[in-house]
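Trainee: Need the complex rebuilt from these two chains, each delivered in its own frame; the hints are there to steer you.
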Amino acid sequence: MKLSCLQENLKRGLAIVGHAVAGKSTLPILSHILLATDDGRLKLAATNLEIGITCWIGAKVENEGAVAVPAKLLSDVVGSLPNDRIDLTLDVRTQTLNLKCARFETNIKGADADDFPTIPAVDDRTPVAVFPPALLRETIQQVAFAAATEETRPVLQGVQLRLRDNRAIFAAADGFRLAMRIIELPEPVTQSQELIIPARALNELARILDGDEEQVEMIVTPSGGQVLFHTSTVDLVSRLIDGKFPDVDRVIPQQYQTRAVLDTQELTKAVKLASYFAVASSNIVRLQMEPGGEMGPGRMTISANAVEVGDNKGQVDAMIQGEGGQIALNVKFLSDAIAAIPTPQVALETQSPQHPAVFKPVGADGYIHIVMPMTVR
Amino acid sequence: MPIRVLDATVAAQIAAGEVIERPASVVRELVENALDAGARRIVVEARGGGLREIRVQDDGCGIPADEVELAFARHATSKLSTADDLWSITTLGFRGEALPSIAAVAQVICITRVANADVGVELRIAGGEVQAIMPRGCSPGTTISVRNLFYNTPVRREFLRSDATESAAIAAVVTQYALAYPEVRFSLSIDGRTTLQTSGNGDLRAATIEIYGLDVARQLLAVDAAAGEGIDHVHVSGLVSPPGLTRSSRAAVHLFVNRRAIQPRGQIALVLEEAYHTLLMKGRHPMAILNISVHPAAVDVNVHPTKSEVKFRNTIQVMSVLGRAVRAALLESGVRPWEEPGIPASLDTAQRRFELRRLGTSHESAWDTPSWMTAGDERGSASFHVRNWRNEGQSGAWQREPAAASSLSPTVQTSKLPPLRIVGQIAQSYIVAESPDGMYLIDQHAAHERITYERLMAQRGAGMIESQELLIPQVVDLPPTAQDVLLAAADRLAEWGFVIEPFGRSLRVRAIPAVLYPGDLATALLEIADHLSERSGTTPRDWREAMLITLSCHTSVRAGQTLSFDEMRGLVRQLEQCASPRTCPHGRPTMILLTITQIERQFGRAK
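If you read the protein sequences in the order shown, they are chains U and R. Take 414 as the starting number for the first sequence in this note's numbering and just add one per residue. Take 11 as the starting number for the second sequence in this note's numbering and just add one per residue.
None of these hints come from the bench; they were simulated from the model. Any given hint might turn out to be false.
Label pairs and their computed distance ranges (CB to CB) [unchecked claim]: (1) 689(U) to 505(R): 26 to 32 Å; (2) 767(U) to 199(R): 30 to 36 Å; (3) 193(R) to 463(U): 43 to 49 Å; (4) 720(U) to 609(R): 41 to 47 Å; (5) 752(U) to 436(R): 36 to 42 Å.
Glycine is no exception: its CB is placed at the ideal position from the N, C-alpha and C atoms.
Bound conformation, chain R alone (with noise of 0.2 Å):
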């Protein structure tokens, strides 16, 4: 086959796919022009999760007639005029991509006039071919249609998710910029519902509230510090959660370097994680608005095709101060942060074998009923236990086994628990337990989340899942992009016993499901939108974990709640009969360990 030139429409459609890979970049852009136009007011609007059309609107200095045309041929920007401005962009955009990449995939409508032009000026252009040029009356600014996208792509099209996918990114996108401009005024609708509308008024906790409610922005800690001078000055400002509001994905951690947004992944996330050390549970992430200045010859935004990664000049110095400043914000907030003390390097047998029992990993047979007990019922109540306990310890504790007589013992109860017996209660979160090998700790809500866990999971699979309807429905306000989540898959959620529907800005919850308790309607929904959003693939598989795993968490036992000793017994008891008792559905232990001869050491009887 012989080599050749692509013509230029194959090449503006290849180089366009490294920019606009789906609506959400178009929107992308199209913002980042506004912003470097310098607009007060954006309006988006998108339509069919932006394929039928996405429409942005802005009052920025608009572009002169005559260069309006010459605004959508490749590498042609007003933004850059030497290769050494690529080191002191101040600007989002740069590289004159984006409006070419967007006319070679889409028609695009463009209508803008300079403040101090008389007459505005309309472009219509298809496919990377101009087709009209007119002028026209408007008011100063750019508004930008894209209509159609990727209708000359159709393998792109193809590849796209659902339109309710497809407009929660779009709406992601917009809260990302109205978060980092907290003084420009952001309107977003989708298919003719208004989802966000910020107030422009240069506050950042504004601009909070209205993307994830007053409860959550109240308790944001505000963080500010600097460092460095001239180009090596870093400076770190914004919002970050208290360690006890967190999420179970990143979408809630919004990171801008010079107000231009990145990935919340690799190393700087690394960092923000890591200021929380020990204050996050695994799996849980924080929420974060956090804005990195730093001299724009000392970042290199030019790394990735759509910008969201960048490149530090002195990497070291701006994570050190974000970890600082971080660290200091939630110091502030009077939160100490846990040091462990370190574990004995040797772990006794028993607690190892615990260890591994949770992985599940083992086939020791390190919880062979133990001689005294094969003689009764093995199944038999917590009493029993008990008493069995009374008829064979000698001195008022577990008869301890000799390591080889358990070794030969013949059972093999795989992942079962040892037979235990309630002591008690501490901190109204957890059990204490006693059994053969040493000291239970019973983490009740965890524990209680494995049962209910297992129990929705049975009822799941006999497809019963009843449905309590509400007498007042109520109203739920959450995030835009959550509410876009929900409302798609409401079909999916009425399976599971929720009846929402769109109110206004808000949802309305008219039938929840039976086993939940009300109180924490907003919470549950919110996290199974979480669940939905962070699980790219909605298989559904998936969407039986996100439910069964919120569901079960949010009806379960609440640490801080006294348990009687009936109460206790029979959390023990059930959690017996789960076939993983050990971890509750979030992956979290539902139990530790400490083994007599941990406790003889630490009381200096035993080396």
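Just chain U, with the same shape it has in the complex (with noise of 0.2 Å):
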């Protein structure tokens, strides 16, 4: 293998498929990367078994070949090298890469290739489901930390993705919350499918997809097994995850007694400051909505306590319809929430202190969290 690229260019290819390589793994081949050369370009790839990554860069091959290196070791090496021209060169006798970039030279031993784990492979390439790069970005942000962390029901792990004519619907939810978003797709879907996606995936999706790519195409595997996201330069492969995602739509509230509008801003500077105290008391804080009367705009009061640590109580004006009321959150569902809201207003929809209180961004559709209350007893 023999070819030449530029530092840049391999620098960024190699934050890419970074992501991909395991941390701590068994085996020692996956904290390694791929380099193999691949019809003029050169591929780098990255696999953790779970999800694979796959990034082509531009580059000038002289001779074919292929190559896994350890991956740190590879990323800190060319992040340290000047932005110019650096040569790669091959020793297939023992395994070693030769890089001259500028007045440096280094030589990294390597693993043999065959040894680099096949990354699935996805041969019926007619994309499932076709998403604007920039709105299926915002869209995981603001739907897969949603998904539940641990590992005892792996479907919550997941982002279901639902497909229907020009319709996708993105929902994520853990034991206590659930975070939904319909977007609306340039070009209606053949076939309407369920996916369970792993929100891992999803968000390694997200960080890769920089808004310089034009379309982002996703493939399913005939067996169901596997999906593919596909751009010019990127190709992230992931396992799907099996099994029957829990009825959501269910658990949507259809009305709400009280509706307060807020500022976004606002309300996460005050959920921010309760946050210190509520921490030391499991998480809770209250939230009492009072609308306003003639003399002035309505308000909500968020307050956390902490008996050995001391509490908090703020103010913020707000728009309210309805009788009022309270509901007490965990804080961090609470500002997970409101982190997801991109508009300048949120509303907050609540029934009574023991239904879930519906989080909504003002002026934009399309998008719904729902956080379960704590009731103290």
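Mentor: Right under this line is the structure:
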């Protein structure tokens, strides 16, 4: 293998695939990145057996070849080299990769490329759906964090994606909250489908998408076991989660008793302040909504109280419809919910202290976030 | 007062009292009869804790119409004819006590038909008096329903526990037999709810799945060992849990001798647990389903009125086969017994003081603040300690106090910790820390448990336990006995933040305490049920203990979790604040001390 490429490009490519490198694994080859020439470009690939990322960068290939190189070392070395042309040469006998860049020369001992696990190839490249990258990234950021992290219920570690006509519905839930976003697709899908994609894979995808891409194609293997997200320079393959996602539509309240519209930034600050005290008492914050009278606007009081630490109370102006009321929420879920609202104003809809709290952006459709309340007995 | 012979009814009631203690004893006797009758299918139904009605239906051989009445006479049995037969008992019953005893204290309806008779017979009997006997159509086998148990012995009735407790006892009895006879289809319904159903395909593991769930059943290790010939033949078979799978009570130890359930206590239980020596934590018990087959003549089952204890002719041999069989199964599973090296006979004083303190008996001034500390702020942060140590220590080690100086020091800090400097973490489970006495190893899980326990205790004191509603109610599968115990206590669980309700044969959880991590829901609930069924009295105090211990255990840092330096320091600082930092709520130590003297001895620097 002999080729040359720009340090800048190689560095970017390594950063993209780097996240699929297994951190701690019993299989040493998984902490390597595969370098291979592919059709006049340099292919970089990494996998932790759950997800695999492949990235192509422009290169001038003189000799074909492939090698697996320790990921961290290679990234560190390339990151420290000057922004110049890098010449890569592989000594096949010793599997040593030689990098020459400006006045630096480095030799890195690699492993046989054949030892590198094959990233599942998807033959039929007909996309199931095509997403605009910016919209997809925003959606993932609004939804995926609500997926469960613990492994007891694998289905909840994923994001449910339902496709029908030109609508895609993303939903994620752990035991206590639900995030759901409905987006319009530029092209209607040919066939309605329901998939559960690991939230981790989507988070990686959102990180990779930098907005330069024209479109993101989603391809599902005929067996239904793998999903591939494809852009012009990057492929991300992930396994799909097998199972039945809970019927989350049922959880969404159809009505409300009180609706409070608040300034997102002000609320974020007040919640942040309360959180310092909430963490010391099971993360509980209380929200009290009072409708405005003739004298002034309505307001929401946010309070947290920890017996051993102290307490805090803050007020935010709010437009309140309905009779007001109160609800107690986990401060972590509350701040996550607010952070997922992109609009300057957020609406909070409640029924009673025992019913779920519903967060919606004001002036933008399609997103809903539900948090189950806490009750003090 | 003149001596008189008691009249028959009173005598019968007294005798019945020995055999029939509670509704579960009725179920036990009737199920045994059904099994002796060769039943392949046994249906048990209980209502009102077994007091309103117990119904046991089997498809066994039935009782011939002309013998039905006799069956209810005292000492009437088909299973034994001469005294010598007592030495070769192969049936579960033999004394002819069960039916008359039940009939003496309840209203009994017995419907039975032998396979070759055209029509069955129905016998109604109450308080020992036959009320009616008439022909009746029915399927082959026997159905006995026992109504209004203890209706004529109100005192006995008074002493019974709640319906739920009695139902749980009935479930326990049926569970026992379902495990002993995996080839018989058992089904149990309590107050119309089916709580247990085994397939009866003869596979013990399949029966275990029904009772303990797939997850547990899969882990159990098979035991099979035999020794001796003829009358000395002993065969031990069944399933035992691997060392990692334990329970906090012996409720999951099912022991059978010739498939007769016996109480898991005394020597036989001891031998079983001895086989797990050093593999079990204190206060934990293994799960076991073990049948010991011996020659009928080599065992005396006629020791205890309810036959729950037995005597072996050659106890030593039986016990050794049992112990070796279990040990062999454990070893095959790849678990190596851990031999403890001999503890040096003369522990040095700091070590002994440490141990004494753990027991909370010491009033010595062992933990006197070293003189260099008294100058500064005692309750300063860990970093302060470190700084202090840097200033005062001479060569990078804690300055050691001469023994005389410390005993002269006036301040007494009874169970507080000495200042600790964190060194690091090993095995992702233990924090290594240094103090003036030597090296401390702190079990991170146990330590955090203690912290959480005391925090919950304080919260509970303030009357605040927050509950987090679940988005989608979670369905949890638990053994029927555990479910019954939990459902019976649903109101009190709600005070602790658990909202549960029955959901078919499972439980549905709608809300959990805010402090509980949702992953361990099933384990946590099971542990609470275990605690509750183990403590026979459910006083509020027991409750509090059970809940607090379970919650603190399940919300704490686990072993195998890497902690950052700050986290470790935080943990130790919080531990310092605890009232009794030296043990976890389960009673295990949170820390062990290796004194400088001990270390020096190991290196051959001191004697």
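Trainee: Is it true that residue 689(U) and residue 505(R) lie within 26 to 32 Å of each other by Cβ?
Mentor: holds (29 Å)
Trainee: Given a hint of 30 to 36 Å, does the C-beta separation of residue 767(U) and residue 199(R) actually sit inside it?
Mentor: holds (33 Å)
Trainee: Evaluate the given range 41 to 47 Å for the C-beta pair formed by residue 720(U) and residue 609(R).
Mentor: About 42 Å separates the Cβ atoms of residue 720(U) and residue 609(R), which means 41 to 47 Å holds.
Trainee: Is the gap between the beta carbons of residue 752(U) and residue 436(R) within 36 to 42 Å?
Mentor: Holds: the Cβ-Cβ distance is about 38 Å, inside 36 to 42 Å.
Trainee: Against the range 43 to 49 Å, how does the distance between the Cβ atoms of residue 193(R) and residue 463(U) compare: consistent or not?
Mentor: Since residue 193(R) and residue 463(U) have Cβ atoms about 45 Å apart, the given range 43 to 49 Å holds.
Violated hints: none; the structure is consistent with every hint.
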